[in-house]
Amino acid sequence: AREEYNDNIFLIENGEPKIDDFITTISPGLRLDEKTERLIARLNSRLDFLFYKEVNDLNTVDQFHRGNLQYRLTPRMNVAAAADYIVDSRRDRDLERTGLVIPSNAKRNRQRYAVSADYDISEKLTSEIGYTYAKEDYEEEIFADFQSNTVNLLFTHNISDIILQTYSRLNLGYTRYDFSEEFLDFAVDNYFLTIGFEHQFSETFSLIADIGTRYSDD
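Here my numbering runs 1307 ahead of the position in the sequence shown, where the first position is 1.
Mixed in with the good hints, there may be bad ones.
Distance windows between CB atoms, simulated [what the hints assert, rightly or not]:
#, residue 1, residue 2, range
1, 1465, 1353, 34 to 42 Å
2, 1466, 1519, 24 to 32 Å
3, 1340, 1315, 35 to 43 Å
4, 1315, 1508, 39 to 47 Å
5, 1360, 1386, 42 to 50 Å
6, 1524, 1325, 20 to 28 Å
7, 1508, 1360, 45 to 53 Å
8, 1329, 1510, 18 to 26 Å
9, 1404, 1368, 19 to 27 Å
Rather than coming from a laboratory, the hints here were simulated on the basis of the structure.
Values in this document were obtained by computation on a predicted structure and should not be read as measured data.
Glycine included, each C-beta is placed from N, C-alpha and C at the ideal position.
With these hints in hand, go ahead and build the complete structure from the sequences.
Set out below in structure tokens:
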């Protein structure tokens, strides 16, 4: 349970009157884990019941569901899959992640599905290929719904003989975004290539640094 006070629940600016309110959030959830020598699986599910003390029209229920699993097919190969389903509505839902505010409390349905596989080519060289499909739909037509398809390929090479606990990285991929709204449909093709390194300071802490280029075409 969480109680918060917001002195500007609609995030109004430019000197317009602001509305404040107390917001109560009740969040029941369930997490299931399964772990064996070859399988790691987790299922997370949570509901957020939001209650506004004064602006009752904003009372709603947000949903957050996620499942993922990883399975070792052979000593040199892993496969993995993940799925997310989120229904959210707060204007500040993306504030911490992007710094942007959505100018409406419209409900948004988000889906994401991903599959990947990694293979140890040699003792030092590892490859990973992945595919991700994502989709966002808004209840209000003023927002553009979109879906995306991403394919990426990552190679990591152990260079610990030069720098202890360090791996070089090469990542390349492609994403296509398809946007749709009432009077306009358009797509954006995005290509990216990065190189970098990962340094493992301990079993629980590592640093990844990448630099590269990105090309977009609509």
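Checked hints:
1. Here the CB-CB span from residue 1465 to residue 1353 is close to 38 Å, well matched to the stated 34 to 42 Å.
2. For the hinted restraint 24 to 32 Å between residue 1466 and residue 1519, the CB-CB distance of approximately 18 Å leaves it violated.
3. A C-beta distance of roughly 39 Å is found between residue 1340 and residue 1315, which places it inside the suggested range of 35 to 43 Å.
4. Roughly 41 Å separates the CB atoms of residue 1315 and residue 1508, a value that falls within the hinted 39 to 47 Å.
5. Restraint check, residue 1360 to residue 1386: a C-beta distance of roughly 48 Å satisfies the suggested window 42 to 50 Å.
6. At about 42 Å, the CB distance of residue 1524 to residue 1325 disagrees with the hint of 20 to 28 Å.
7. A C-beta distance of roughly 46 Å is found between residue 1508 and residue 1360, which places it inside the suggested range of 45 to 53 Å.
8. Between residue 1329 and residue 1510 the C-beta distance comes to about 43 Å, which lies outside the given range of 18 to 26 Å.
9. For residue 1404 and residue 1368, the Cβ-Cβ distance of about 21 Å falls inside the hinted range of 19 to 27 Å, so the restraint holds.
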